[in-house]
Each structure stands twice: as structure tokens, then as C-alpha cells.
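Can you make the complete structure from the sequences, with help from the hints?
2 protein chains.
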Amino acid sequence: MPRVVVDVMPKPEILDPQGKAVLGALPRLGFSGVTDVRQGKRFELELEGEVTEAVLADVHRMAETLLSNPVIEYFTVHVDETVVTA
Amino acid sequence: MPRVVVDVMPKPEILDPQGKAVLGALPRLGFSGVTDVRQGKRFELELEGEVTEAVLADVHRMAETLLSNPVIEYFTVHVDETVVTA
Chain H
1 MPRVVVDVMP KPEILDPQGK AVLGALPRLG FSGVTDVRQG KRFELELEGE VTEAVLADVH
61 RMAETLLSNP VIEYFTVHVD ETVVTA
Chain Y
1 MPRVVVDVMP KPEILDPQGK AVLGALPRLG FSGVTDVRQG KRFELELEGE VTEAVLADVH
61 RMAETLLSNP VIEYFTVHVD ETVVTA
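Quick mapping for you: the protein sequence lines, in order, are chains H and Y. For the first sequence, counting from 1, position 84 maps to 84 in this note's numbering; every step adds exactly one. For the second sequence, counting from 1, position 45 maps to 45 in this note's numbering; every step adds exactly one.
Just so you know, the hints here were simulated from the structure itself, not pulled from any lab data. The reader is advised that the hints may include incorrect statements.
No copy labels: a pair is met if it fits in one copy or bridges any two.
Within a straight-line C-alpha distance of at most 25 Å, the following computed SDA-like cross-link-like pairs (lysine to any residue) qualify [stated by the list, open to error]:
no.: 1; residue 1: 20; residue 2: 54
no.: 2; residue 1: 20; residue 2: 31
no.: 3; residue 1: 20; residue 2: 79
no.: 4; residue 1: 11; residue 2: 52
no.: 5; residue 1: 11; residue 2: 24
no.: 6; residue 1: 20; residue 2: 36
Predicted model only: the values in this text are computed from it and were never measured.
Here you go:
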């Protein structure tokens, strides 16, 4: 079954308190070398049938209307070629 | 600055109520053809210096201890080659 991944991230100019919380916790846990953290969402969609241009356009509309808030977030859509299982 | 991405997803055997909520909403919004949705988290970490094996091992430890709950989630780590900005 083909799988399409939608990654939703806060726009660069938007404050990301979850990412900042992770960034602040890292040194307390003994980790160094990380200068910034952004936290977003990942959606894995299992589709029936083939992934055509029309299907990808549909997934874009899903991402715009349901999966993300376009005012504060941006998203990317890609077909997951690596984890396709029967 | 190199960027490393940590994707955290609920394990396949774990119920994912957020994914189910999205799956249930899609037909009501007029979308068809999606048979399953899983929702997880995406972390983008900006690192200083080069991404060596030791740095990636460090990121694995961050993912295990802070970014995911290994009992109910699995994670993948990959270097983001596409969006590396100065």
C-alpha cells in the first residue's frame, strides 16, 4: 500500500515553545552542540491505489485544510518509497 | 549549519487516537482514498560543527531519552541534506 508523508512545521518567524522547551532541557541532560530545535508534526497516510498527480494534489488539499494551519505552519508532502509494505 | 531530523511515530501496535481522528474527519471533508493515518512528531535539530558518527550517536541518545517514549514510540534519525542553510 503506498504511503504518503506530510511534515508540518512551525514557520521560521513563529515562536515554537515546544522546541524551545526541548532546547532548554538538552544541556540539563548533559547534551551539548545543539543550537536550535523546532518541533512539528508528521502524518503518515496509507492510500489505496496508485499515487498519481491527482492523488498528491488531494493530499496537498488535506494538508492545507485539516493537517496544518497555513497561517503559522508550512508543510511538505512526499511519497515514502522506503517503507512501502504489501 | 547542519540539520538533523528526528521522526517519532507511535509503534504500529499502539492505538493512535490523533491519527484516527484525522482519518475520521477526511470523508466528512470530502476526501476519499485514505485507509489509515498515523500522527507523530518531527524534530529539526540545528547542530554546530560537523555531523560525525559521535554526534549522530548523541542525537540517538537524545531521541531515546527526551524526544520519544521508547515503550510506545519508535524513532528514526537522518541528516537533512536538502535544507542546509548557512
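Hints, one by one, checked against the model:
| no. | hint | result |
| --- | --- | --- |
| 1 | 20 / 54 | between (38 Å within a copy, 24 Å between copies) |
| 2 | 20 / 31 | within (15 Å within a copy, 35 Å between copies) |
| 3 | 20 / 79 | between (30 Å within a copy, 20 Å between copies) |
| 4 | 11 / 52 | neither (28 Å within a copy, 28 Å between copies) |
| 5 | 11 / 24 | within (20 Å within a copy, 27 Å between copies) |
| 6 | 20 / 36 | within (8 Å within a copy, 31 Å between copies) |
The structure fails hint 4 only (numbered hints given earlier).
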